Amino acid sequence: MTDLLTVRDLHTTFHTRAGDVPAVNGVSFTMREGETLGIVGESGSGKSVTALSIMRLLPTPPAEITGQEVLFAGQDLLEMSQDQLRALRGNKMAMIFQDPMTSLNPVFKVGFQIAESVRMHMNLGPRDSWNRAVEMLDKVGIPNAARRANDYPHEFSGGMRQRVMIAIALSCNPSLLIADEPTTALDVTIQAQILELMRALSKEFQTAVMLITHDLGVIAGMAQQVLVMYAGRLVEATDTRTLFAKPAHPYTQALLHSIPRMDDAQNERLQPITGQPPDLLKMPVGCSFAPRCPKAQARCQRETPPLVEVGAGQRAACFFPY
Amino acid sequence: MDTDRYLEPDTAPTQLTQEYLMEESLEPGLHSTSPWRDSFRRFLRDKRAVGALVLLAIFILASLFLLPIYEHIGPVISERHGFVHIGPAKYHSPTYVDNLVENAPASSLHWLGTNYAGQDIFARLLAGIQVSLFVAVIVVGVMDVGLGIIFGVLAGYYGGILDTLLARFTDLIFAFPGLLFAVLVTGLFRQAALDRFGNDGPLYLVAITLGLTIWPQMARYVRGQTLSLKEQQFIEASRTIGTSSNQIILRHILPNILSLIFVAATLDISGTIINEGVLSLIGLGVQAPGSSLGLMIQESLANIPYFPMEAILPSLTLTIIVLAFSFIGDGLRDAFDPRSKD
Ligand SMILES: Nc1ncnc2c1ncn2[C@@H]1O[C@H](COP(=O)(O)OP(=O)(O)OP(=O)(O)O)[C@@H](O)[C@H]1O
Ligand SMILES: [Mg+2]
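Chains as they are written, first to last, in the numbering used here: chain A, 1 to 322; chain B, 323 to 664.
Careful: at least some of the hints might be erroneous.
[To be verified] Only some residues are given here: those of chain B computed to face chain A with a beta carbon under 10 Å:
| id | residue |
| --- | --- |
| 1 | D360 |
| 2 | I382 |
| 3 | L383 |
| 4 | P577 |
| 5 | S581 |
| 6 | F658 |
[Claimed, not checked] Residues from chain B shown here face chain A by an in silico Cβ test under 10 Å; the list is partial:
| id | residue |
| --- | --- |
| 7 | R370 |
| 8 | S429 |
| 9 | Q569 |
Honestly, the hints are just simulated from the structure, not real lab data. The structure displayed is predicted, hence computed values, not measured ones. All residues carry an ideal CB built from backbone N, CA and C; glycine is no exception.
Use the sequences and the hints to build the structure in full.
Structural data, given as structure tokens:
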């Protein structure tokens, strides 16, 4: 498989009245074609900002995006004009969000909203793009697609709307789909259905998926590669199997201990991660996880650990891994 | 496309499904690709709104064509002991003052009677409708809605200098109580308007001034709606499929605020027609013997106890017009808001 997306040293800073917020701080990773990459991390760790920075969807100012390069299918997104980016968005890369209830325009039929994306990128007339919309609705498992295309968003349930969002996102057959907590707002059974749908469609369309989530269970079921983010930095990057079998970074370990596991003995308690993530406005010197880290030593307070290879295909930003 | 699926037992053959069936057989798929056409169809389905639209059209046609006809109906009569002979072109003119027939009741000569100055009320009503509708269209239709949308949406969407300018201008207008700003401006420029545009000049001036005082409020309202819409997920979602800012404004912001704007605009119409009347009464609006609904109401107020019809007729006409506009406004709101019940 070839590389689809290469992010090198991405920095996104918000210039706010209170000061500069380094929401993404030197993130580097690679995604291969058709692969599903999970991004996990606590709330505020910079997952969404990373995704939005890659698509260059953040308003600048207040955001400032810098970096060595963000290569997407051989082109550097950081060098592109807004016009070039618009031609890519929806066409080669697409995104779906957490809240399907507000992701659709309430005044247009869902068929029209899917067709809109198709019309913009595929040079089809109103009729052909409408037919494509119906076809996509059918693909995402909406019964009676031809009729339902004529319905308005409020006539769909949350799960159905997320299916519609997926239909919009995949309508132009993109090579990258960014899904920012696509199932967080849905109930558990619907979550499973939507994830299953995403997995099936990403396989069928050969779409690489960047799956942002809080839920390590989702990662286990969906992703081949995982990035763990903490306070705007990557603290660990590895394949899914290794992540669960042999987590290197203390933060990853703590994350794994904080979720219930089927195979655990009943008496083993869940261990929440104590303390708070650091205030991005006042980042401590050294490792940002050090204040909460059980293994922290003097060196961790002084130096920031770089993300280095700690095992085969496993990178971690820790002086004392495992 | 099989039409049978619409007759599945779980899909009760409601009006809606029957419609799908109908349309399906006409032109599969194509009919529904245009949201504007969808809105138009929803509007046509609203009997009340369509009725009101027809009624307004009748009013406009009547004021345009009935008045010239009315000025040809009636005998030549002698006035002032036979010294003066006048025809309907005179006494059915909305501006002809005849102090011998003040406050006359309805008759075959003056269909709805005459007012305190002996002017034919029917003729004045017809002329007044024209003036009031003209003012309403210019002030609300063009300036209030037009400027309100343009400045409101741009200020709300882009913020920055435009937003600041709008805020300052709004403060300036709001600093004058009620009609004071309009009184000042129309007073100052009335003569210039008369010189430049003749007898209709003051009316244009009034329309523009009233428009100037009314749009900032609309713009502010639109700005607020735009700000809250801008934060909605579907705006961001549309960005992710490559929609440009212009398209976002045209396709996502505007269609979502149109229904609210229509309702706000209907409310502004009645106020505008009344305000024009107030300005006309204090001599700043319609030139002296001319007519407008607002002016007729204002003129009749002093004599209400004795000649109530002189107040009731223009008020009733105004009420019908305002109601018609509000029905149309409701219809448009529903047409652009699919969540409203059909
Ligand atoms: N427009 C903005 N201005 C200033 N700071 C921002 C802005 N957007 C995001 N941030 C900050 O960037 C940091 C990362 O936010 P981000 O939304 O990426 O977190 P996240 O990992 O997606 O969290 P969650 O799981 O809650 O979605 C947060 O600390 C947030 O406060
Ligand atoms: Mg997020």
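Against the structure, the hints come out as follows:
1. D360: This interface hint holds because 7 Å falls under the 10 Å limit.
2. I382: Cβ of I382 of chain B sits 30 Å from chain A, so the hint is violated.
3. L383: violated, 33 Å
4. P577: At about 5 Å, which falls below the 10 Å cut-off, the nearest Cβ of chain A leaves the hint on P577 of chain B intact, so it holds.
5. S581: holds, 8 Å
6. F658: holds, 6 Å
7. R370: violated, 21 Å
8. S429: For S429 of chain B, the interface hint is violated, since the closest Cβ of chain A sits about 54 Å away, which is over 10 Å.
9. Q569: holds, 8 Å
In this structure, the hints that do not hold are numbers 2, 3, 7 and 8, in rising order.
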